[in-house]
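Residue numbers (our numbering), protein chains in the order written: chain A, 1 to 274; chain B, 1 to 299.
Watch out, some of these pointers could steer you wrong.
Keeping only pairs whose Cα atoms sit at most 20 Å apart, straight-line, the calculated EDC-like set for lysine to aspartate or glutamate is [unchecked claim]:
1. B:K192 <-> A:E156
2. A:K215 <-> A:D59
3. B:K221 <-> B:D203
4. B:K10 <-> A:E163
5. A:K230 <-> A:E46
6. B:K192 <-> B:D139
7. B:K10 <-> A:D167
8. A:K215 <-> A:E128
9. B:K108 <-> A:E3
10. A:K261 <-> B:E109
11. B:K210 <-> B:E199
12. A:K34 <-> A:E46
13. A:K53 <-> A:D223
14. B:K108 <-> B:D194
15. A:K260 <-> A:D272
16. A:K230 <-> A:E3
17. A:K66 <-> A:E156
18. A:K34 <-> B:D139
19. A:K122 <-> B:E39
20. A:K215 <-> B:D259
21. A:K215 <-> A:E56
22. B:K108 <-> B:E199
23. A:K122 <-> B:D259
24. A:K257 <-> B:E109
25. A:K260 <-> B:E109
26. A:K261 <-> A:D272
27. B:K210 <-> A:E3
28. B:K221 <-> B:D194
29. B:K108 <-> A:E259
30. A:K230 <-> A:D59
31. A:K230 <-> B:D259
32. A:K66 <-> A:E56
Stretch by stretch, here's where chain B covers chain A in the computed footprint (C-beta under 8 Å, at least three residues) [what the hints assert, rightly or not]:
33. 16 to 22
34. 66 to 73
35. 80 to 91
36. 126 to 136
37. 258 to 265
Pair by pair, the computed Cβ-Cβ distance ranges are [said to hold, decoys possible]:
38. A:F25 <-> B:Y83: 23 to 33 Å
39. A:S245 <-> B:F262: 30 to 40 Å
40. B:I157 <-> A:G251: 41 to 51 Å
Hint data in this document are derived by calculation from the structure and do not stem from the laboratory. Don't be surprised by glycine CBs; every beta carbon is placed ideally from N, CA and C.
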Amino acid sequence: MNEQHRWFARSWMVMVYAFLYLPIFVLIAFSFNKGRPTHWNGFSTESYAALAKTPEILDGLIVSLKIAVISAIFSVIIGTLIAFVLQRYRRFTGKTLFSGMANTPLVMPEVVLGLSLLLVFKSLFKMEGGYLMIILGHTLLGAAYASVVIKARFSELPMAYEEAALDLGAKPLNAFFLVTLPLIAQSLISAGLLVFTISFDDVVVSQFLNGPGVKPLPNVILDNARQGAKPVLNALGAVIVFVVSVVLIAGSIWMQKREKKRNAEIAAAYRDAT
Amino acid sequence: MKLTQSSRGKWLVIGLPYFWLLVMLLLPFLFLGQVSVSEMENGGGFLKIYRHDGWFFKDNFIPIWNDIINGGTYRTAYLSSLYYAALTAFWCLIIGYPFAYFMARARKELQPTLLLFVMLPFWISMLIRVYAIKVLFNDSGFLVTSISGLLQRFGLIDDPLHVLGTPFSMMFGMVYVYIPFMILPLYSTLSKMDPRYWEASADLGATPIKTFFLITVPLSKAGIIAGLMLVFIPCVGEYVIPQLLGGADILMIGRVLADEYFQNANWPLASALAITIILLVIIPMMILNKYEEKAGEFK
Numbered sequence: 001m002n003e004q005h006r007w008f009a010r011s012w013m014v015m016v017y018a019f020l021y022l023p024i025f026v027l028i029a030f031s032f033n034k035g036r037p038t039h040w041n042g043f044s045t046e047s048y049a050a051l052a053k054t055p056e057i058l059d060g061l062i063v064s065l066k067i068a069v070i071s072a073i074f075s076v077i078i079g080t081l082i083a084f085v086l087q088r089y090r091r092f093t094g095k096t097l098f099s100g101m102a103n104t105p106l107v108m109p110e111v112v113l114g115l116s117l118l119l120v121f122k123s124l125f126k127m128e129g130g131y132l133m134i135i136l137g138h139t140l141l142g143a144a145y146a147s148v149v150i151k152a153r154f155s156e157l158p159m160a161y162e163e164a165a166l167d168l169g170a171k172p173l174n175a176f177f178l179v180t181l182p183l184i185a186q187s188l189i190s191a192g193l194l195v196f197t198i199s200f201d202d203v204v205v206s207q208f209l210n211g212p213g214v215k216p217l218p219n220v221i222l223d224n225a226r227q228g229a230k231p232v233l234n235a236l237g238a239v240i241v242f243v244v245s246v247v248l249i250a251g252s253i254w255m256q257k258r259e260k261k262r263n264a265e266i267a268a269a270y271r272d273a274t
Numbered sequence: 001m002k003l004t005q006s007s008r009g010k011w012l013v014i015g016l017p018y019f020w021l022l023v024m025l026l027l028p029f030l031f032l033g034q035v036s037v038s039e040m041e042n043g044g045g046f047l048k049i050y051r052h053d054g055w056f057f058k059d060n061f062i063p064i065w066n067d068i069i070n071g072g073t074y075r076t077a078y079l080s081s082l083y084y085a086a087l088t089a090f091w092c093l094i095i096g097y098p099f100a101y102f103m104a105r106a107r108k109e110l111q112p113t114l115l116l117f118v119m120l121p122f123w124i125s126m127l128i129r130v131y132a133i134k135v136l137f138n139d140s141g142f143l144v145t146s147i148s149g150l151l152q153r154f155g156l157i158d159d160p161l162h163v164l165g166t167p168f169s170m171m172f173g174m175v176y177v178y179i180p181f182m183i184l185p186l187y188s189t190l191s192k193m194d195p196r197y198w199e200a201s202a203d204l205g206a207t208p209i210k211t212f213f214l215i216t217v218p219l220s221k222a223g224i225i226a227g228l229m230l231v232f233i234p235c236v237g238e239y240v241i242p243q244l245l246g247g248a249d250i251l252m253i254g255r256v257l258a259d260e261y262f263q264n265a266n267w268p269l270a271s272a273l274a275i276t277i278i279l280l281v282i283i284p285m286m287i288l289n290k291y292e293e294k295a296g297e298f299k
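Extracted from the complex, chain B is given alone in its bound form:
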């Protein structure tokens, strides 16, 4: 094709976005790597590039790794980030898969509307929605007081319930915010599935449950994996929801990193923590890339 063959134009068209990505993405990541093996300058914030004795990992990575091996704050933070991200992905799948399946099997003319009402919360500010959960779960809020009252009347609990600031309220918030990321790729795979597979399975005598688990689920593997990764990866670094709904005692790595930068002004350590996060999400990311194309366009 001529448009893609004229070579001077071609290199300009490729060169512009390439330059943008190199300067805005690759350079910052390389620089992040460099800062992560640098010394912190006393007096806050500033840094000397590289250690003089060349023992690059000594200042930042070795303490982090030691901490991870010996069980300190960072281990707690990384483990709870991975744990809550995995749990969020799991619940999104359990709740979202049947939903996406029923949506894909609903009447064709109904589907755009059903989809619109899944997408609508997605367009409303995430912070406002998380704040709404805070209002909902407030100790003096109607939901908590009425459930508390009911349980107390039946003698199941002694003290009023306390929901806000617990792992439950944080998980609720994470599932709430991330479930559209699960539903959309699943819906996109399931709605493209040929209904004749289901009919064939039924004709051969399989029960609907059997068809679901032996035909539908395996055929939607690409969508499941894309959905799991799309929820899991951002959850690992989640910064806002743990702060608003998780309380002070749930330590997640995104917050530890931000504290290290903003409060302790330790750029090298914050960078080393960021590099470790990248290493944690790189493998899931590669799995995602492998399956994303199969799951089709869902954004």
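Next up, chain A with everything else stripped away, as it sits in the complex:
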């Protein structure tokens, strides 16, 4: 790339990043505003005080946390099974249907998923809306995403490890828990985090499946945001941005360090061997 192109490339990237971050920065700035949420009136932390005193939001947060943690655990378990079957069994009766179903939640509009789940839960299973229904719905969605992440890890993991364990006399279940699982552990963690965020963020499926008294945070936010801009929402947004950024940046630094350490260890092992 010559100088002119490089200049063009840089300004394009800066503009896209500005596009991605401008609304977020404005939201954070206005969370320190006095009074109205969109018009600058001077610095104040009153919207944070208001946030702490809004029980509806805190309740929603607790509901969402419970649902997201349980959905993430279930999704990782089911997602691992789906990924294992897709990646390790080349052929079995009904594989086309299986892989088709495994991908469907990723591409189906959520209104369709939400409505179809609701109809079955209510009419066939006679369930009342609430925790169990939302968790099942989020797990359906989450397991599909988890299986994609875990499948990628399986595909780069040679079967030789498991085969060696079996040749050495391990039972299949032991081989899975003692050999395969530790090797895919990192992808299980990232899949779990992904599902946690998806569940924590989901509003459509929850809207269809929620019952009396069970209102996840995004649904609280949606109801409030519909009525217009509100100071508490600015403060809440700023808090969410802060928490996510800290977790994500710390996580990525940690991963890079681990990678470096691992590469150093591999290099050292080679040196010793030769």
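Once you have looked at the hints, place chain B on chain A.
Structure of chain B alone, referenced to chain A:
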């Protein structure tokens, strides 16, 4: 391999997730189909399975199709859903492709950081980000008032600008939320591309622009199609962004469906609308499946 050969274990390992998918996915879809050809029971919500005279499509599908042919609410809703989804996919491609390309050609050690900052908004609650746009575009907000003031001073407009609740603010929100879905598959295809193609093209005398359009773009076709579909399909059923940024007069099918269920308690009609959405996205979905494997892992 022994692990996959022991047959009792094999059927248990396959059977568990299979059962889950059958009960949680196939059964609901089949049931949705059944409800869509059922009668609505008066007094709300409940339904009789199947019509007695066997004229399955009469109650729900025929009115929807009539409406689509004759130009009523549903036609407006389906058309605007398809239109805005296509437009969103288009803008995501126009903005995202150069971005993904520059990112793929950036210094190798810089790329993880560049990628992290594309992904970061993706992890922040989508609702909060959409709400942030609402704050940004608010009539009394600093952005709208200052641009309005500027334009008024130059005599370009008479009345203050009104952005929130227009197609523009909704499109802005949709592109904003969905652009990572475009950038990631594109980046994944482009970063895997062998740089020797570009060098060869340059050696043979092509200008960078020519190389870009004759070599890079055709070679990244799989990524382009995966990106377009990953944006287009969820946008067709988008429910939240039109409500918060689109105003009352932009009717999208996801919202019509939800209203039919929640407000009119007409389960069969809502189901028939859902089936029609499925039919609308099934063809793009098949295209996506064909190209997704080629575009590689991007999630």
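How the hints compare with the structure:
| no. | hint | verdict |
| --- | --- | --- |
| 1 | B:K192 <-> A:E156 | holds, 16 Å |
| 2 | A:K215 <-> A:D59 | holds, 8 Å |
| 3 | B:K221 <-> B:D203 | violated, 24 Å |
| 4 | B:K10 <-> A:E163 | holds, 15 Å |
| 5 | A:K230 <-> A:E46 | holds, 12 Å |
| 6 | B:K192 <-> B:D139 | violated, 45 Å |
| 7 | B:K10 <-> A:D167 | holds, 18 Å |
| 8 | A:K215 <-> A:E128 | holds, 14 Å |
| 9 | B:K108 <-> A:E3 | holds, 19 Å |
| 10 | A:K261 <-> B:E109 | holds, 17 Å |
| 11 | B:K210 <-> B:E199 | holds, 13 Å |
| 12 | A:K34 <-> A:E46 | holds, 7 Å |
| 13 | A:K53 <-> A:D223 | holds, 18 Å |
| 14 | B:K108 <-> B:D194 | holds, 14 Å |
| 15 | A:K260 <-> A:D272 | holds, 18 Å |
| 16 | A:K230 <-> A:E3 | violated, 46 Å |
| 17 | A:K66 <-> A:E156 | violated, 33 Å |
| 18 | A:K34 <-> B:D139 | holds, 18 Å |
| 19 | A:K122 <-> B:E39 | holds, 17 Å |
| 20 | A:K215 <-> B:D259 | holds, 19 Å |
| 21 | A:K215 <-> A:E56 | holds, 9 Å |
| 22 | B:K108 <-> B:E199 | holds, 18 Å |
| 23 | A:K122 <-> B:D259 | holds, 18 Å |
| 24 | A:K257 <-> B:E109 | holds, 14 Å |
| 25 | A:K260 <-> B:E109 | holds, 13 Å |
| 26 | A:K261 <-> A:D272 | holds, 16 Å |
| 27 | B:K210 <-> A:E3 | holds, 18 Å |
| 28 | B:K221 <-> B:D194 | holds, 15 Å |
| 29 | B:K108 <-> A:E259 | holds, 15 Å |
| 30 | A:K230 <-> A:D59 | holds, 18 Å |
| 31 | A:K230 <-> B:D259 | violated, 25 Å |
| 32 | A:K66 <-> A:E56 | holds, 16 Å |
| 33 | 16 to 22 | holds (count 6) |
| 34 | 66 to 73 | violated (count 0) |
| 35 | 80 to 91 | holds (count 6) |
| 36 | 126 to 136 | violated (count 1) |
| 37 | 258 to 265 | violated (count 0) |
| 38 | A:F25 <-> B:Y83: 23 to 33 Å | holds, 31 Å |
| 39 | A:S245 <-> B:F262: 30 to 40 Å | holds, 35 Å |
| 40 | B:I157 <-> A:G251: 41 to 51 Å | holds, 47 Å |
The structure fails to meet hints 3, 6, 16, 17, 31, 34, 36 and 37 from the earlier list, while all remaining hints are met.
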